[in-house]
Structures are given as structure tokens and as C-alpha cells.
Amino acid sequence: MDAEPIWISFKLAGVTVVILLVLGTPIAWWLAQTRSHSRVVIEALVALPLVLPPTVLGFYLLILLGPNGWVGGPVQALTGSSLSFSFSGLVFASTIYSLPFVVQPLHSAFESIGKVPIETAQSLGASRLDAFFSVIFPLARRGYLTAIVLGFAHTLGEFGVVLMVGGNIPGKTKVISIEIYDRVEVLEYTQAHILSASLLIFSFLVLVMVYSINRKLPVQVT
Amino acid sequence: MMDLLEAKFKMNYSRFTLDVEMSLPSKGVTVVFGPSGSGKTTLLRCLSGLEKAHLGYLKIAGHVWQDEGIFVPVQYRKIGLVFQESRLFPHLNIQENLLYGYQRTSPDERNLQFDEVAQVLNLGTLLTCRPEKLSGGERQRVAIGRALLTSPKLLLMDEPLASLDMQLKAEIIPFIKRIEKKFKTPIIYVTHSMNEVLQLVDTMVILKAGKVENIGSVEEVFSDVRLREVVGGEQLGAVLETRVIEHDEGFGLTKLGFMGQILHVPRQHIPVGQSLRVHIHSKDVILSTVQPKGVTSVLNTLSAKVKKVGELDPEGYSVDIELDAGRPILATITRKSLTKLNLQLGQTIYAHIKAIKMMHELEDL
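If you're matching them up, the sequences are chains H and B in order.
Here this note's numbering is used: position 186 in the first sequence is 166, and no number is missing along the way.
Here this note's numbering is used: position 315 in the second sequence is 314, and no number is missing along the way.
These are computed hints drawn from the structure, not numbers from a lab.
Quick caveat: nothing in here was measured; it's all calculated off a predicted structure.
Even glycine gets a Cβ: it sits at the ideal position worked out from N, Cα and C.
Do not take every clue at face value.
What the hints assert, rightly or not - Derived PhoX-like pairs: lysine-lysine, alpha-carbon spacing no greater than 20 angstroms straight-line: (1) H/Lys196 with B/Lys132; (2) B/Lys304 with B/Lys339; (3) B/Lys51 with H/Lys95.
Unchecked claim - Chain H is nowhere near these chain B residues, computed Cβ spacing over 12 angstroms in every case: (4) Ser35; (5) Gly68; (6) Leu163; (7) Lys306; (8) Lys307; (9) Leu311; (10) Gly315; (11) Thr333; (12) Asn341.
As the list claims (entries may be wrong) - Just the calculated beta-carbon pair ranges, DEER-fashion: (13) H/Phe(-10) with B/Asp164: 53 to 59 angstroms; (14) B/Asp18 with H/Val31: 46 to 52 angstroms; (15) H/Arg19 with B/Met357: 47 to 53 angstroms.
Work out the full structure, taking the sequences as your base and the hints as a guide.
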């Protein structure tokens, strides 16, 4: 059996989660802190991938990332290679697609922590960044754990967007979910079974691990 | 530098405006007192830099922290903050909590050391505990210690004892007094509690509807006729700084003196010469125009002059009279009595003190 799709899926999910943690933290922090009216607009934008059919998202991303797209065009001019039908394009698409799964747990974690710990840290002489890493981050550990797991799992399981943006190129953009679909198409049920069952067991084990870690973390009361 | 703190803040909220201007002394405990919704906490947040007033000026010990185009953020102000809840960091143990601010204070600015603070606040045995294992009083002591270890130029306390029971309050008040005496850190303290006021305060700021109604010594403020609605009927009267003259063992009394006048109170177990602060409710002051002749059961009679008659409420039955007995004293009498007494400003009168409510030792400097 070809292990390439498995490797590509995991690489994609890992890279996407790392990017999302870096991007999602300031977005979630801003959403939790701001009193600005533009908040609802940003919140809605972040949540859009939850409600849109993956094909709609995939279609727009394909145009955006293509050689004439707003993102794909400049990238092609700079690097000489297109974003669509490439691994980088998949990462870009997955980042958009899985954004709410990372931002929302962080947002609710920051919201439940409230303003008090950061104000307290600042009054003790910590800069905002220092206060974030020394107080907010440790208090939001559960939120981060949930965000990582949801972001990773959701990216691993995506299908429609990946198919449209990645184009199912073996060794480059062919991920597990598409591989399973392909096997079923050609009636190779054994292969499909092996891949599906592995993914199922893997997901289950990860979730069990996360929930047990979550139980062991001290309850955070502010 | 006499004035520590000059502050001027103007802030508009939809239903509330804070508009204060004040100048406070550079030492001792200043209490901000006022009904809820009067802006006490907002004022404290403006002072600390947690809130930015639209129009503001703040100068502390020669440093301007806020002015047009200047706003020093909270982390650069050397201010210690203590709130009603201890706000300890739950993911750090007590020692780590205490050191959080200390480590973020540059070594040449640290004028308080860890051991010293831990000892004054009696924290030695708690250091390795987690905050959730501590009692409310212990947590509050840690919070005070943590704020102190940043070597603040000013300590702001927002009802730090409000969530504690009487016993714990009694446990912590001496610590706060000790801090002020030992470390010379000026304290601004928000409270509702008369008890805390009498034990701690040197200067009072009375806030009402976002405005400073009065600033002065406790003695002046608690005998001001204008403050009835702010301070509440029960509390007004007189706060007198007295000194123990002698003990009368035979009758179980202690003789207190102030400005040439004498008060007798039940025997106090403190040495002669010690200062004692007493609180008299205005309802416990009875007035008469002549020196009582013959025998009465009243032990304490002060001679005083009528200074001011409070505003007459045609609906109400009582009226406040401000007296000058060397120190200001407030009496509350009925309107009927006022008519009968026919008081004139400057007239000499005799004030019988029916009861002395509370007494607190003041440590001499």
C-alpha cells in the first residue's frame, strides 16, 4: 500500500495547525478583548467555513490561488510556481478552512479568563506580551489543546476543498481522504477499509488522550 | 514635596460622569469613601492607568503619569494594586505569585526585599502552597505582599477586606498599618466600612455621583453637616483624636483628653500618653444651653460653640448642628428642640455625650 497520502495528510495537518496557532491567537485575543463594532463582522468571517459547502470555499480558493488570482498571481510572479495544485496551496486552503476550529476554542478560553489576569500582570510590571506568555497562555492551556486537536483532525478529514484546490496529484496533493475515495471508486474495498479503519482508530486514540490530559490539568478558576 | 498626588480626571459614560480634581498628601492612608456608584472604583482605575480618562492629569511624587499627550501605561507606573478578590495567579504557587512583580522590577528600584515582606505579612509557611489551598485572609495577605514587592510608589486598595469576615479583617488591618509605618508606602484605600476608616485613615476623600464632595482629615469630614446623605445617617458625628491622661482604677474608667476637654470611657488597657481615636454618633450628642446643675448620670459633657446649623428639611424631624469643641462635633437634634433651644451661631452650648461608639488605638509614629 502506498503510504504517501498518509504522510501528506499528516504533514498538511501539522503545518496548518502551527500556522493557525500563530494566526489564530491574535485573532482570538482581539475578539475576546475588543469592544469594537467590527467584531461581529470578523467573528462571522471566521465562522464562514463552518457553514459554507467545501465546494464553494474550494471554488473561490481555486480562483484566488490560480495564476491570475489575487494571491496566486503575485506568488507566481515571485516564485515562478503556481499555488493552485501545489502543497503550499493546500496549506493556504486548509488554513482558511480550519480557521474557526482553532479560533473558536481559543476565543472562548480567552473570554473565560477575562480581563483580570492580564490587568493584574500588567499592574505587576509585565508588558502585554510578557503577561500573555506568563499568565494567559498557561491559563488557556485547555483551549490550546482543544484548538490543536480540532484543527489537526479537521484538516486531516477535509475532502472537498482539498480536491478542488489540490487537484489530487499523487505524491504532491493526494491526501488520505481522497485516496479512500479513489479506492472506493475503483472498488478496492480492502484498501479503503485499511485506510478508513486506521484513520478511525487514530482519531479515537487522539481524542481519548486529549480528554484524559484535559482531566488532569488543574481546574482553572480566576 | 508636600503633595504626593495631583489628579484631575473627567470621564463620560452613558449614565455616569466622573469629574474629580484632588490633591492628596504624600504619606499615610487616604480613604476614598462614598455610596456605591459614586465612582470610587473608576477613580482607582484611572489612578492606576487601567482606565484612560478622556481628560486627565496625574502627577505622583514629581512624575507626570498623565497629561495631554502623555499616558504612562499601567506596567510602567510604580503602583501596587489590591482588590476585593485576591486575584492570585492560579497556575503559580505562593512564592511564584509573590515574585511575579518582584522579578519584573529592576534591581536598583527594589527597595523592599522578599524576606522582609514575607515576614511582615507572615507568609513564610505558605510559600509552596497553591492559591486555592489558602484561606481568604491568607490569599489577601499574599496579594498585598505581591503588590508590595514591586516596591510601589503608591498602593491602591479597592475594598481589600470586603469579602472577609470580621475576624479575618481584624487579622489583616494590623498588617496594613504595619506596611504604612514600616515601608512608608502611601496607600489609597476604597472602603464602605466605618470600622476600617477609623482604624486606618489619615485623610478622607468623599465621592458623590462622580464628584469630590470633601477632602480632609477624618475629624473634619465626619462632622460636616453637608455629608449626611453621602456618609449615611448612622455614621456621622465626630471622630476625635484623644490621648490617654490617666486610668481611674477605682471606677474602671480611662480619662481621655483633647484640646483641653475631657472624656471618660470604660477602662482601656493601653498606656498613659497613647493616642486613641474615638467615634461618637451625632444622635448620641444631647445639647443644653446651660451647664447642668445638680447631679446627672451623664459622665461626659463638652463645652462647645455653635458653628453651623444644617439645612432644614420641612418634611423631616431632625436637623444637624455643627459644634466647635476645639474639634468639630456634629449633633443631631429634633426640629422641635432646635426651636426650643433657639440656637444662635457662636453661642456657647453644652454637649452631653451619651455614648462613645468605637475606640481604636493609633500607633504613634
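Now the hints, each set against the structure:
{"no.": "1", "hint": "H/Lys196 with B/Lys132", "result": "holds (18 angstroms)"}
{"no.": "2", "hint": "B/Lys304 with B/Lys339", "result": "holds (17 angstroms)"}
{"no.": "3", "hint": "B/Lys51 with H/Lys95", "result": "holds (15 angstroms)"}
{"no.": "4", "hint": "Ser35", "result": "holds (20 angstroms)"}
{"no.": "5", "hint": "Gly68", "result": "holds (21 angstroms)"}
{"no.": "6", "hint": "Leu163", "result": "holds (18 angstroms)"}
{"no.": "7", "hint": "Lys306", "result": "holds (43 angstroms)"}
{"no.": "8", "hint": "Lys307", "result": "holds (42 angstroms)"}
{"no.": "9", "hint": "Leu311", "result": "holds (47 angstroms)"}
{"no.": "10", "hint": "Gly315", "result": "holds (43 angstroms)"}
{"no.": "11", "hint": "Thr333", "result": "holds (49 angstroms)"}
{"no.": "12", "hint": "Asn341", "result": "holds (57 angstroms)"}
{"no.": "13", "hint": "H/Phe(-10) with B/Asp164: 53 to 59 angstroms", "result": "holds (57 angstroms)"}
{"no.": "14", "hint": "B/Asp18 with H/Val31: 46 to 52 angstroms", "result": "holds (48 angstroms)"}
{"no.": "15", "hint": "H/Arg19 with B/Met357: 47 to 53 angstroms", "result": "holds (51 angstroms)"}
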